[in-house]
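K.L.:
This is what each chain is made of:
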Amino acid sequence: MQRQRKQFNAINAASLARWIVLTAFLAGTGLMYVYCSVQLYHLGDRKKALETEIVNMRAQNEVANGQIAALTSRSALQRRLKEGYLKMIPIAEQSIVRLNAPTGTLGEDAVQPVSNQRAGR
Amino acid sequence: MKWNSRIRCALVCLAFTLLFSVFSFRLVHLQMIKHDEYAGLAAEKHVYKQTIHADRGTILDANNEVLAHNVPGEIVIADATHVNNKEALVPLLAEHLQLPAAEIAEKLSAGRRYIVLKREVPQPAAVELRQRLREASLRGIYFERDSTRIYPNGSMLCHVLGFTDFDHKGIQGVEASMEEYLHGQDGYRYIEHNRAGQEIVTYRGQERAPRDGYRVQLTIDLNLQHIVENEIDAAVREYRPEKATIILMRPATGEILAMANRPHFDLNQRTQAKPEQMKNRAIIDMMEPGSTFKIVTAAAALNEKKVRPDTTIFCENGVWNYGGRALHDHHGYGAMSVQDILIKSSNIGAAKLAISLGEQKFYEYIRRFGFGERTGVELPGEIPGLIRSPQSWSKISITRIPMGHEVGVTPLQMTVAMAAIANGGKLITPRIVKSVTTADGEMISEFSPSVLRQVVSEQTAAQVSAALRDVVSERGTAKGAAVLGFSVCGKTGTAQKVDPKGGYTQGKYVVSFSGYMPAEQPEIVALVVVDDAKTGSELNYGGTVAAPIFARIAEKAARYLDLEPHEEPSKPVTAGKVALTKASSR
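Taken in sequence, the protein lines are chains B and E. Throughout the first sequence, residue numbering follows numbering that gives the first Met the number 0, covering 0 to 120 in sequence. Throughout the second sequence, residue numbering follows numbering that gives the first Met the number 0, covering 0 to 585 in sequence.
Hints listed in this document are in silico derivations from the structure and should not be mistaken for laboratory results. Among the clues, some could well be false.
[Unchecked claim] Okay, derived cross-link-like pairs now, DSSO-like style, lysine-lysine, Cα gap no bigger than 30 Å in a straight line:
hint, chain 1, residue 1, chain 2, residue 2
1, E, Lys305, B, Lys47
2, E, Lys273, E, Lys168
3, E, Lys242, E, Lys305
4, B, Lys81, E, Lys273
5, E, Lys48, B, Lys46
6, B, Lys81, E, Lys168
7, E, Lys273, E, Lys44
8, E, Lys117, B, Lys47
9, E, Lys168, E, Lys106
10, B, Lys81, E, Lys555
11, E, Lys500, E, Lys273
12, E, Lys555, B, Lys86
13, B, Lys47, E, Lys394
14, B, Lys46, E, Lys44
15, E, Lys33, E, Lys48
16, E, Lys44, E, Lys33
17, E, Lys106, E, Lys242
Work out the full structure: start from the sequences and follow the hints.
P.N.:
Structure below.
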């Protein structure tokens, strides 16, 4: 009996609790470290994906700018004018401010001097 | 027994201590002493310096119209050592890259690790190819960022803009001269890859952002350029010349508003262009200017007070023997005023004016007008022309140079000289670049007008100007240059073409007209040069070929620039071809 009692080890609750807390803390820290690392990688991937998206959008923007420049270029507009997609309306007679009244009928390809004081120089 | 067990324990402990000490020493050795070496080796395996490409700057006209810009594309590269299924890869690449399958197969057979299959692949095509490769699990094909330089206006302004090579380095025109500004600075980033070759963003190292190229704004006005291009095309259709050049400039500031040459080429298809089409003849072609050069002779004589505008000079009735050689006028003239020498374009009169100056003085004035030196315009390859010093002149040079023979000048030099007369005698450096800014509009550099020197006095310039005004009249050689409502000043030039074998080519002429308007306050100065116009010899003169082209350009430019007409329109002048009689055309 005595022997049996001697072999019995009493559990030190306080010490056990301390160890459990310590272990839990260490485990928690480890898990948090792993979680943070995974998050970091995950955020890195997202960052990379966003960067790629921005680069692609910028590229699309540049392509669109290029298309705008090509479509609004003088040669393109000239072509569209020839094809009849655009129409230019000649300046109406009443919109021309003349310094001197025209002295007779001008030929078809004659030069008509015009002046518009309001126009910026 | 007890002793032995203690010894054994101690020995085991000692062994462990020694073992861990060895480990510790090894760790210290690796971590501290060999750290740099092994870190370097590890970095070599996993760390890469990734280049972040900077975009080349755009080129704009004076009204911010885009003249040159970039469109993103990709370079398709193959690593032959990584290719896993060549048989499947070749037809797929051939289909998407629009290249012959045999060519791709041959390239891949080389076995190299870096094979450029195609450059400037449009982004949508690259994205699709990438997807198809992934779907078919084909390896060994990689993509690098690239861009294509696009010129939205095609052939318009081709000689001024120039173009870039495969490495996006400017090799002609403004692309070359402004390379320093247009070319950005590439950035870099140190990155680490995992085993799959993907970047580990967390381990990014040092990074430097790229600096995109600056925006270069030209003085060229695309609307005026369009007017000039249309007219030069019309002239080419009508006269089928070997070459033609037109320059439009603002005399007060030296800004070049338009510049066109023929033959020309399409900037977007430059690989198909022939060398002859690529020359910017306005700055690299030397020509004998002919009678337009008489403005230099007259201005020099008037400035040196050797003559007055009304001084009478006997023009030998059309033939003058000097130095054992006869000098002819196109029409026999008797006594004429200095003003009339310019108006009628008398060779003999001009020669006598130069003789009154003397060789050295005349040479000095030629140089003062900027001939024989580069104008300094921001375009590459400009030549200084050819002006010989009086020491190497022949006996008759003093009679030939005043009428624009025996000298080699560029069309731009001639325009600048005419601008000096328009500008009250001030020689201005021509400019084609207006400013350099960042993409956000921050000013980097602004080019302001620069007066090189006062070539002749204001009074002399006004006297020459008055004579040039009469050149564009019924009395003068260039009535076809008249613009209704405006007073135009100018001078015609007709020079026989120089034969490369020596002497002159019969029946071939370089005809030109250089002028400015309005005479009271010049806003534009223009030069029209037509080389070897295919027209009847009785019509192949500056006054009949080049002057009407000038008139049409000046008239349209005046409308565009909203110039106010000063002269009362007396009678309409048709802006078509004006046929002049032979007698009044030189």
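K.L.:
Please work out if Lys273(E) and Lys168(E) have their alpha carbons no farther apart than 30 Å.
P.N.:
Holds, at about 20 Å.
K.L.:
With the threshold set at 30 Å, check whether the alpha-carbon distance from Lys47(B) to Lys394(E) stays at or below it.
P.N.:
Not OK: Lys47(B) and Lys394(E) at ~79 Å, beyond 30 Å, violated.
K.L.:
Are the Cα positions of Lys33(E) and Lys48(E) separated by 30 Å at most?
P.N.:
It holds: about 23 Å lies between the C-alpha atoms, which stays within 30 Å.
K.L.:
Between the alpha carbons of Lys46(B) and Lys44(E), is the straight-line distance 30 Å or under?
P.N.:
Distance of about 24 Å is within 30 Å: holds.
K.L.:
Hint check: Lys305(E) vs Lys47(B), CA-CA at most 30 Å. Holds or violated?
P.N.:
violated, 80 Å
K.L.:
Sort out whether Lys168(E) lies within 30 Å of Lys81(B), counting only the CA atoms.
P.N.:
Outside the cut-off at roughly 36 Å; violated.
K.L.:
Compare the distance between the alpha carbons of Lys117(E) and Lys47(B) with 30 Å, and conclude whether the hinted pair is satisfied.
P.N.:
holds, 27 Å
K.L.:
Straight-line Cα separation of Lys555(E) and Lys86(B) no greater than 30 Å?
P.N.:
holds, 20 Å
K.L.:
Below or equal to 30 Å on CA atoms is what counts here, so check Lys242(E) against Lys305(E).
P.N.:
Distance ~39 Å between Lys242(E) and Lys305(E) Cα, so the pair is violated.
K.L.:
Is Lys500(E) within 30 Å of Lys273(E), Cα to Cα?
P.N.:
Roughly 24 Å separates the two Cα atoms, so the pair holds.
K.L.:
Quickly compare the C-alpha distance for Lys81(B) and Lys555(E) to 30 Å and report which way the hint goes.
P.N.:
Holds, at about 20 Å.
K.L.:
Run the distance test for Lys273(E) versus Lys44(E): straight-line Cα separation, threshold 30 Å.
P.N.:
It is violated: about 48 Å lies between the C-alpha atoms, which goes past 30 Å.
In the structure shown, a violation is registered for the earlier hints numbered 1, 3, 6, 7, 13 and 17, in ascending order.
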